[in-house]
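Please build the complete structure, drawing on both the sequences and the hints.
There are 4 protein chains.
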Amino acid sequence: MRNLTETPVIVLNLKTYREALGDGAERLAMIAAEVREAEGVNIMVAVPQTDIYRVSRLARIPVLAQHVDPKEPGGWTGHVPVEAIKVSGAVGSLVNHSEKRLALADIGFCISRLRGLGLLSVLCTDTPETSAAGAALEPDMLAVEPPELIGTGIPVSKAKPEVVTRTVDLVRRLNGKVVVLCGAGISAPEDVARAIELGTEGVLLASAYVKAKDPKALLSEMARAALGASRR
Amino acid sequence: MRNLTETPVIVLNLKTYREALGDGAERLAMIAAEVREAEGVNIMVAVPQTDIYRVSRLARIPVLAQHVDPKEPGGWTGHVPVEAIKVSGAVGSLVNHSEKRLALADIGFCISRLRGLGLLSVLCTDTPETSAAGAALEPDMLAVEPPELIGTGIPVSKAKPEVVTRTVDLVRRLNGKVVVLCGAGISAPEDVARAIELGTEGVLLASAYVKAKDPKALLSEMARAALGASRR
Amino acid sequence: MRNLTETPVIVLNLKTYREALGDGAERLAMIAAEVREAEGVNIMVAVPQTDIYRVSRLARIPVLAQHVDPKEPGGWTGHVPVEAIKVSGAVGSLVNHSEKRLALADIGFCISRLRGLGLLSVLCTDTPETSAAGAALEPDMLAVEPPELIGTGIPVSKAKPEVVTRTVDLVRRLNGKVVVLCGAGISAPEDVARAIELGTEGVLLASAYVKAKDPKALLSEMARAALGASRR
Amino acid sequence: MRNLTETPVIVLNLKTYREALGDGAERLAMIAAEVREAEGVNIMVAVPQTDIYRVSRLARIPVLAQHVDPKEPGGWTGHVPVEAIKVSGAVGSLVNHSEKRLALADIGFCISRLRGLGLLSVLCTDTPETSAAGAALEPDMLAVEPPELIGTGIPVSKAKPEVVTRTVDLVRRLNGKVVVLCGAGISAPEDVARAIELGTEGVLLASAYVKAKDPKALLSEMARAALGASRR
Numbered sequence: 001m002r003n004l005t006e007t008p009v010i011v012l013n014l015k016t017y018r019e020a021l022g023d024g025a026e027r028l029a030m031i032a033a034e035v036r037e038a039e040g041v042n043i044m045v046a047v048p049q050t051d052i053y054r055v056s057r058l059a060r061i062p063v064l065a066q067h068v069d070p071k072e073p074g075g076w077t078g079h080v081p082v083e084a085i086k087v088s089g090a091v092g093s094l095v096n097h098s099e100k101r102l103a104l105a106d107i108g109f110c111i112s113r114l115r116g117l118g119l120l121s122v123l124c125t126d127t128p129e130t131s132a133a134g135a136a137l138e139p140d141m142l143a144v145e146p147p148e149l150i151g152t153g154i155p156v157s158k159a160k161p162e163v164v165t166r167t168v169d170l171v172r173r174l175n176g177k178v179v180v181l182c183g184a185g186i187s188a189p190e191d192v193a194r195a196i197e198l199g200t201e202g203v204l205l206a207s208a209y210v211k212a213k214d215p216k217a218l219l220s221e222m223a224r225a226a227l228g229a230s231r232r
Numbered sequence: 001m002r003n004l005t006e007t008p009v010i011v012l013n014l015k016t017y018r019e020a021l022g023d024g025a026e027r028l029a030m031i032a033a034e035v036r037e038a039e040g041v042n043i044m045v046a047v048p049q050t051d052i053y054r055v056s057r058l059a060r061i062p063v064l065a066q067h068v069d070p071k072e073p074g075g076w077t078g079h080v081p082v083e084a085i086k087v088s089g090a091v092g093s094l095v096n097h098s099e100k101r102l103a104l105a106d107i108g109f110c111i112s113r114l115r116g117l118g119l120l121s122v123l124c125t126d127t128p129e130t131s132a133a134g135a136a137l138e139p140d141m142l143a144v145e146p147p148e149l150i151g152t153g154i155p156v157s158k159a160k161p162e163v164v165t166r167t168v169d170l171v172r173r174l175n176g177k178v179v180v181l182c183g184a185g186i187s188a189p190e191d192v193a194r195a196i197e198l199g200t201e202g203v204l205l206a207s208a209y210v211k212a213k214d215p216k217a218l219l220s221e222m223a224r225a226a227l228g229a230s231r232r
Numbered sequence: 001m002r003n004l005t006e007t008p009v010i011v012l013n014l015k016t017y018r019e020a021l022g023d024g025a026e027r028l029a030m031i032a033a034e035v036r037e038a039e040g041v042n043i044m045v046a047v048p049q050t051d052i053y054r055v056s057r058l059a060r061i062p063v064l065a066q067h068v069d070p071k072e073p074g075g076w077t078g079h080v081p082v083e084a085i086k087v088s089g090a091v092g093s094l095v096n097h098s099e100k101r102l103a104l105a106d107i108g109f110c111i112s113r114l115r116g117l118g119l120l121s122v123l124c125t126d127t128p129e130t131s132a133a134g135a136a137l138e139p140d141m142l143a144v145e146p147p148e149l150i151g152t153g154i155p156v157s158k159a160k161p162e163v164v165t166r167t168v169d170l171v172r173r174l175n176g177k178v179v180v181l182c183g184a185g186i187s188a189p190e191d192v193a194r195a196i197e198l199g200t201e202g203v204l205l206a207s208a209y210v211k212a213k214d215p216k217a218l219l220s221e222m223a224r225a226a227l228g229a230s231r232r
Numbered sequence: 001m002r003n004l005t006e007t008p009v010i011v012l013n014l015k016t017y018r019e020a021l022g023d024g025a026e027r028l029a030m031i032a033a034e035v036r037e038a039e040g041v042n043i044m045v046a047v048p049q050t051d052i053y054r055v056s057r058l059a060r061i062p063v064l065a066q067h068v069d070p071k072e073p074g075g076w077t078g079h080v081p082v083e084a085i086k087v088s089g090a091v092g093s094l095v096n097h098s099e100k101r102l103a104l105a106d107i108g109f110c111i112s113r114l115r116g117l118g119l120l121s122v123l124c125t126d127t128p129e130t131s132a133a134g135a136a137l138e139p140d141m142l143a144v145e146p147p148e149l150i151g152t153g154i155p156v157s158k159a160k161p162e163v164v165t166r167t168v169d170l171v172r173r174l175n176g177k178v179v180v181l182c183g184a185g186i187s188a189p190e191d192v193a194r195a196i197e198l199g200t201e202g203v204l205l206a207s208a209y210v211k212a213k214d215p216k217a218l219l220s221e222m223a224r225a226a227l228g229a230s231r232r
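Chains as they are written, first to last, in the working numbering: chain A, 1 to 232; chain B, 1 to 232; chain C, 1 to 232; chain D, 1 to 232.
These are computed hints drawn from the structure, not numbers from a lab. Wrong hints could be hidden among the right ones.
Since the list can't tell identical chains apart, any single copy or any two copies may satisfy a pair.
Below, computed lysine-lysine pairings styled on BS3-like, alpha-carbon distance capped at 25 Å [as the list claims (entries may be wrong)]:
#, residue 1, residue 2
1, Lys158, Lys216
2, Lys71, Lys160
3, Lys100, Lys71
4, Lys211, Lys71
5, Lys211, Lys100
What you are looking at is a predicted structure, and each value in this text was computed from that prediction instead of being measured.
This is the structure:
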């Protein structure tokens with residue numbers, strides 16, 4: 001399997017849409033695995049917490065958790081420590097998605113814990129300023145997503161390109177290693193290309209893939225758009 | 001499989017102890033399944049969120065989630081809706097454990113949602129008064145656990161028997177159907193017997209089982225103590 | 001000053017609207033105090049946390065906090081213990097408003113603590129079922145407010161009268177003493193009358209008063225409507 | 001009154017200790033105001049939310065809130081928007097104290113809002129890494145406080161000096177303007193001197209002052225120690 005941080009990268013967040021639970025998670029992950037293989041692009045899939053084990057065993061694609069709790073293993077009923085996702089087959093986790101936000105100290109804990117256990121961290125932030133803050137915590141990847149655009153189908157790369165360019169700018173000054181992704185409203189292959197043209201190295205998307213009539217066709221085109229834009 | 005609400009009942013909460021993740025969850029659930037079969041006592045196991053699917057497929061024992069989020073399936077990154085645990089094989093869930101507390105409105109939502117999807121709800125509460133409040137929401141089971149005793153090995157049935165008897169009293173006045181359990185500090189077979197003598201119909205325990213040198217022997221004795229006390 | 005639990009009662013929640021901070025809180029409380037005096041109706045005002053002291057010293061009207069934290073005085077930066085509102089002149093507090101929700105155990109703590117310090121508790125709930133649960137905790141007053149109607153100007157007494165009647169029903173079975181209020185969308189004198197005709201003993205309202213062109217006229221009419229409906 | 005960001009600076013956090021509510025807040029703030037005047041050192045006091053107005057009117061010392069909520073004025077029952085503390089006389093606020101933590105996005109919001117309204121932000125962080133992250137958000141001051149030392153009387157400057165020096169280092173690389181403070185366990189004048197020798201420009205302390213037998217004497221000595229160390 002190729003390097004996890006190879007770029008361009010497409011991170012698919014299945015969230016907990018009805019279409020993405022159990023069998024649905026398997027189906028959507030299998031399709032993504034095929035496209036990953038066929039197009040030679042780094043695609044990862046963040047599945048519901050309850051489906052990490054199930055999808056990891058089956059699909060040839062790196063599986064992420066959508067959240068980890070800032071706890072070590074122990075007497076923490078209902079929490080999901082980093083160790084729990086690791087033994088279930090995840091290669092990393094989203095951290096601080098706007099639908100599952102964390103306190104600053106807890107973001108620090110989770111990123112450091114993921115790193116300590118050899119897992120990938122994909123930090124989600126909401127503005128260029130919090131992206132700069134996040135970059136100081138040295139996640140492997142950072143996805144900027146203005147929350148007001150999430151799920152709208154209006155791509156941030158079009159609606160607020162300055163959020164993306166300013167994020168890239170601020171983050172690059174602080175940290176040359178973090179892979180910057182563009183999230184929120186990414187729906188079409190041209191949104192992916194545009195995100196990369198604005199200086200990011202990939203995208204984080206959710207509903208557009210989960211709800212697509214033909215997710216394979218959409219993702220294949222997005223993969224090609226990502227590759228094309230990266231080579232320019 | 002026997003009726004889920006058959007009493008006496010022993011609910012094992014594996015929490016997220018290191019011994020209870022992945023392979024550990026499987027092992028501890030398999031042992032509990034054997035005791036359940038051998039002793040003919042209703043034993044259930046609440047496993048880490050990431051192990052619900054894995055344990056449900058393998059072990060012949062009812063599997064509970066340790067927590068569900070008050071959300072319908074949808075754009076909720078990192079959450080665990082009731083539907084997610086159902087498609088993963090759980091027969092129900094703990095609700096409002098003191099290590100994963102919920103707002104009152106959310107407890108109402110979760111219990112109602114579990115019921116609507118045909119799943120069992122085991123509401124955890126901390127005092128006789130909040131137990132009475134909880135009973136009004138009509139969970140299937142209710143476990144009273146003074147948080148200051150959780151994980152101490154000091155059984156509530158010994159340290160604060162009046163908490164247990166007053167809970168049974170208040171709950172019974174409001175709701176004749178809910179199965180009342182005794183939690184917090186249950187460590188030995190005699191604690192189980194005592195809990196039932198105080199008027200409950202079972203126990204909720206965690207570290208004593210997870211950390212036991214011989215969990216099978218301990219659970220077998222607890223099962224027999226439960227049966228013995230129930231017949232008296 | 002008349003008894004705090006005298007009915008009918010009108011509780012004005014100023015929230016943290018711009019019109020209700022500082023001087024605004026004073027002005028809106030002074031108007032309410034005048035109407036209270038002139039109409040002889042039990043009116044109370046829940047002011048921003050920062051204005052409790054200021055309004056209590058000045059206005060002849062019982063002042064409530066909008067929230068208390070489930071903490072005893074101590075090393076709790078930024079929290080508001082019950083003792084803090086008491087020394088500032090509040091006679092009680094809202095508890096568990098849908099905009100500031102509390103865990104079940106914390107509601108139990110806050111109601112019990114308010115009672116222990118001789119202060120009034122006005123528990124807010126969202127459905128008949130959680131109202132029944134709340135009644136078991138023995139608050140002095142209980143206001144049912146379907147959150148989807150809050151701030152809409154659509155009165156629950158018109159949109160969902162069955163929520164109100166079922167709440168009155170369930171609460172009365174459990175607890176004969178709690179004063180039941182009707183909240184959410186109360187905007188006009190006839191909404192107040194209707195709420196009382198449905199079996200409640202008063203109302204909890206916010207934006208309609210805070211944003212009224214003539215808050216004095218509106219509140220005076222509401223007070224008369226409340227008295228009128230109570231006598232029928 | 002001297003410039004709010006003049007250094008060395010001593011920020012007194014009264015928390016919600018019983019000794020620091022109402023009259024207590026007034027008394028402790030008046031003493032601090034006297035020392036501020038007599039010693040010519042920049043001293044500020046963070047008082048309970050309910051005492052901001054009361055203390056601001058009375059004591060000649062800059063008053064901070066201990067927390068602000070990430071909300072604009074509006075329908076937010078029980079919250080404390082930045083506008084609420086401003087109209088009550090506060091000159092700024094602590095942000096993200098370990099006893100009242102905030103999500104990363106909310107820290108961004110609060111700091112930006114405080115700045116927009118001309119108020120001072122004192123961001124609290126727990127490690128050098130989260131301090132670096134916090135510095136990117138450009139608060140006016142930043143206090144590093146390892147939570148395990150808070151309230152212990154064991155000064156971080158002695159127990160973990162490397163936390164302080166590494167924080168100063170990382171923050172300085174990112175942001176030359178933020179005033180770095182040392183918190184957690186500061187109890188004696190020599191702790192203040194040591195904190196400044198390690199490169200900070202002041203301290204944040206709480207229980208040592210609130211619980212002191214002679215708070216005036218203690219604070220006077222701390223002020224002199226701060227001045228002395230700053231001149232070396």
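Here's how the hints hold up against the structure:
no.	hint	verdict
1	Lys158 x Lys216	within (24 Å within a copy, 49 Å between copies)
2	Lys71 x Lys160	between (36 Å within a copy, 23 Å between copies)
3	Lys100 x Lys71	both (15 Å within a copy, 12 Å between copies)
4	Lys211 x Lys71	between (33 Å within a copy, 19 Å between copies)
5	Lys211 x Lys100	within (21 Å within a copy, 32 Å between copies)
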